[in-house]
Amino acid sequence: MAGITGVIAFDKVWNVSKFIYYSLLALRHRGQDQFAFFICGDECKVKVVEELRDLKVEELNGWIGVGFTGTENRTIREGNHFLAYDGEVKDEVRLIRKLKEIDDKAKAFEGEGVFSAIYTNSREIFAYRDPSGNKPLFLGGFGFDLGIVSSEPSGIEVIGGEVGREVESGELIRINQYGVFKQKTGDGDRFLCSLEFIYLQRIDSHFSGKQIYDVRERIGRQLAIERKIEGDVVIGVPETAIPFAIGYSKETKIPYSLGFTRTGDSKRTMIMNDAFERLIGVQLKLNPIKSVVWDKRVIVIDDSMVTGNTLKNTVFLLRKNGAKEVHVLIASPKLTSLCPYGVRVPPKEELIAANLSDEEIAITIGADSIYWLSFEGMYKAIGLNPENLCIGCFTGKYKKVIK
Amino acid sequence: MKVLLVGEGARENAIAWKISQEGARVYSIMGYVNPGIKRIVENSGGKFIMGNIRNPNDVLNAAEAFSPELIIVGPEEPLFKGVCDKVREKGFACFGPSFKASKIEESKVWMRNLMWKHKIKGRLRFKSFKSVEEASKYILEYGGSIAIKPSRQAGGRGVKVVADLQAYLTKEKREAVSKSASEIASLAQEEEDKILIEEKVDGVEYTLHVITDGLNVLPLPLAQDYKHAYSYSIGPETGGMGSISGPKELLPFIEEEEFKTSLEIVRETINAIKAEVNEDYIGFIAGQMMLTPLWGPTIIEYYSRLGDPEASAILPRIKSSMLELFDLAVNKGLHRAKIEVDERVSVVKAIAPIGYPLDRKMASNKLVFIDERKIKERGCLVFYGSISEQGEKLITMGSRAIEIAALSDSFEQASRKVDECISYVEIEGGMIYRSEIGKEETIAEQREKSSISRHSYKLRERKGILGVSKDWSPKEELRW
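Protein sequences, first through last, are from chains A and B. Using my numbering, read the first sequence as starting at 1 and increasing by one per residue. Using my numbering, read the second sequence as starting at 1 and increasing by one per residue.
Hints may be right or wrong, so weigh each one.
Dumping the calculated DSBU-like pairs for lysine-lysine here, alpha-carbon to alpha-carbon at most 30 Å [what the hints assert, rightly or not]:
no.	chain 1	residue 1	chain 2	residue 2
1	A	182	B	374
2	A	182	B	127
3	B	376	A	182
4	A	56	B	171
5	A	12	B	127
6	B	449	A	182
7	B	200	A	12
8	A	12	B	361
9	B	227	A	12
Computed list of chain B residues with no C-beta within reach of chain A, every gap over 10 Å [said to hold, decoys possible]:
no.	residue
10	69
11	81
12	141
13	159
14	264
15	293
16	332
17	337
18	362
19	365
20	376
21	420
22	425
Just so you know, the hints here were simulated from the structure itself, not pulled from any lab data. Note that the Cβ used here is the ideal one computed from N, Cα and C, for glycine as well.
Could you build the full structure based on these sequences and the hints that come with them?
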């Protein structure tokens with residue numbers, strides 16, 4: 001998983017390094033274990049670090065560059081050429097070579113894999129989204145001076161830019177001093193990542209014409225339609241699950257409250273590397289607010305269930321603070337399989353829903369009941385046809401084999 | 001009627017096309033042979049001569065050679081140089097403002113001062129600078145969003161607009177703009193005030209052109225032009241890469257009342273010019289406007305002529321005789337005139353050679369291939385711009401080469417029609433144009449933007465704080 005941003009200045013008086021840096025800050029929710037930064041002015045420099053502050057962005061200077069934030073480093077440099085991508089590609093060395101060969105006459109380009117990529121040859125920026133459209137990518141600008149491409153709209157907006165449009169599936173966009181050029185590079189089945197809608201993207205994003213926040217409220221409403229629970233309060237596990245809880249509350253008229261307060265930054269527990277770190281993440285992130293749950297029948301919603309550890313702790317903490325009943329709702333279908341397209345999902349052995357029955361899971365996490373969003377409900381809430389969504393991590397059936 | 005048309009761009013091509021249908025015998029003075037104008041001149045039984053249109057003597061010579069009943073000046077530069085003053089002295093009728101009155105476009109500082117002095121609505125706070133150093137210093141220190149422009153009209157070049165809402169990027173933005181200050185100032189070489197800094201405003205842009213004899217003011221239908229060079233509003237500023245006009249006298253995102261306010265602003269400006277320079281304004285004057293949260297209709301700049309490419313979107317929609325209007329204007333008889341507008345909407349897209357606008361050399365001397373017959377069969381109009389006929393060949397001159405226009409019942413249809421027609425144009429080395437102009441999504445975006453502005457300015461209107469804005473910083477007094 002990754003967030004990527006490319007910036008080009010049409011006038012070389014600009015130093016774009018901080019623009020890329022702050023854009024990456026806005027994309028950290030897509031993974032923040034590895035950062036890579038490539039920038040060119042008089043010369044090209046690359047930096048790969050594990051902490052964003054180690055980039056020492058003040059020392060970087062240039063008018064064109066690409067930044068990467070992700071769970072694993074998915075960048076490759078060859079001289080003055082640099083490629084960063086979100087997703088999986090078959091052969092990254094082959095891919096960067098193919099990109100290098102694109103010239104004005106090239107008619108077709110197709111990268112093998114399921115990914116969105118930003119590539120620069122230190123003179124121009126290329127943005128590519130493969131025909132599946134699985135990963136997001138946006139195009140925009142800042143005033144009369146900068147061209148920007150980024151994984152999500154916020155990657156453009158936080159640096160003062162305006163989003164022009166989404167890069168289409170199977171489209172290669174080329175930005176240089178002479179223009180913004182597009183090339184339709186090939187057709188293929190479109191299958192957008194359903195996790196992007198459910199929890200990967202920021203709630204200020206839109207993806208394939210759908211407002212992420214609205215999709216998530218609709219999921220909450222859909223859960224209410226599918227599973228009516230007698231409860232006194234609805235809470236969401238911060239931060240991703242809050243819109244689901246608001247939607248559930250709006251549909252059922254059961255009051256919504258903030259059930260937890262957070263310590264530390266908003267690292268996603270699911271995409272943290274080791275189990276211990278994940279646990280620390282949970283404790284830090286979720287300190288319950290006693291007066292909200294005391295003596296109440298609590299409906300708690302989370303975006304997904306991976307190992308069940310987060311929820312087990314959550315339920316325990318809620319009961320400890322006086323909740324009479326704890327009902328758990330999950331805003332996605334059961335996560336049972338790996339993602340071959342780069343979303344970090346633990347191996348099947350560690351996925352609780354792949355190994356235990358609903359009843360066993362309820363007992364394990366200590367909940368009075370548990371329910372997962374239905375597939376039909378998910379399609380309805382997202383508003384896309386099932387054939388245009390990738391649901392491989394819920395079914396183990398994948399639309400495309402890469403390797 | 002014998003008419004001498006001054007200028008060689010797409011706008012002049014559009015004017016020539018229009019008036020030749022209305023019975024004008026078109027004569028022309030051009031700096032290079034515009035193939036579109038040349039053909040119209042020849043078909044209408046006129047003649048053309050080559051000359052420097054910015055040199056009043058060249059234009060006077062042409063006038064004396066052809067003895068036209070009316071002279072129409074297309075571009076702004078000849079107006080700034082006093083072409084109309086010169087030929088009027090010799091008794092010719094000239095459509096276009098005098099040297100003094102065209103200051104409204106030539107000097108943005110003069111224009112802003114005029115608006116403040118006469119308390120005309122839609123005015124922005126500004127500051128002008130005599131030296132680059134002074135301006136750079138101000139840019140580095142000022143905390144806020146600003147637009148920086150050369151004080152003199154430079155065909156859209158040298159404008160920087162900096163939204164400074166992110167404190168964490170302030171330094172980068174200010175440094176870049178400050179570095180550009182000398183380039184901006186160089187575009188205003190002779191001026192006393194070289195750089196103009198204004199508060200930055202947001203909103204949809206549109207242009208209101210009027211034709212006036214100094215007493216009567218007749219509005220043309222609104223048009224919108226697209227300033228960014230590249231698609232999706234990315235890239236450097238240009239003179240305009242395309243334009244739309246309609247339906248009726250409005251645009252889909254400008255309301256009747258806003259149109260009226262805009263007209264009032266332009267009318268007051270015409271009166272203010274008269275008060276300053278003590279003469280009637282004769283010609284076109286256009287408010288390049290923006291619907292802002294601060295004011296509603298707001299003046300970004302003024303044109304002392306028809307906008308280009310707006311002309312190519314507006315003129316094909318005018319059913320009345322423009323020739324008659326020009327004639328009435330120079331004879332102060334516009335009170336007798338009316339303008340009838342085609343119901344259909346129009347879309348114009350400009351085609352430029354690759355290299356425009358940042359590398360004019362690269363954009364020059366490229367061969368152009370165009371199948372005009374096919375384009376006309378498909379119902380589009382072709383207006384030639386920065387392109388010269390050299391023997392059998394058409395050669396680019398470094399700027400926007402061709403404008404293709406189409407009328408239709410909807411913008412989407414017109415836009416598609418233009419795209420289809422553009423497929424019959426080819427420029428050696430490649431070309432750029434903005435396909436999205438007129439498309440439904442683009443119009444929807446403009447609608448959204450305008451409604452954002454509308455919420456705010458209407459609220460300001462109710463509260464009685466229309467146009468009121470201030471800046472404050474802990475270290476200094478209020479600025480501006």
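Earlier hints that do not hold, by number | Result: hints 2, 13, 18 break, sorted rising.
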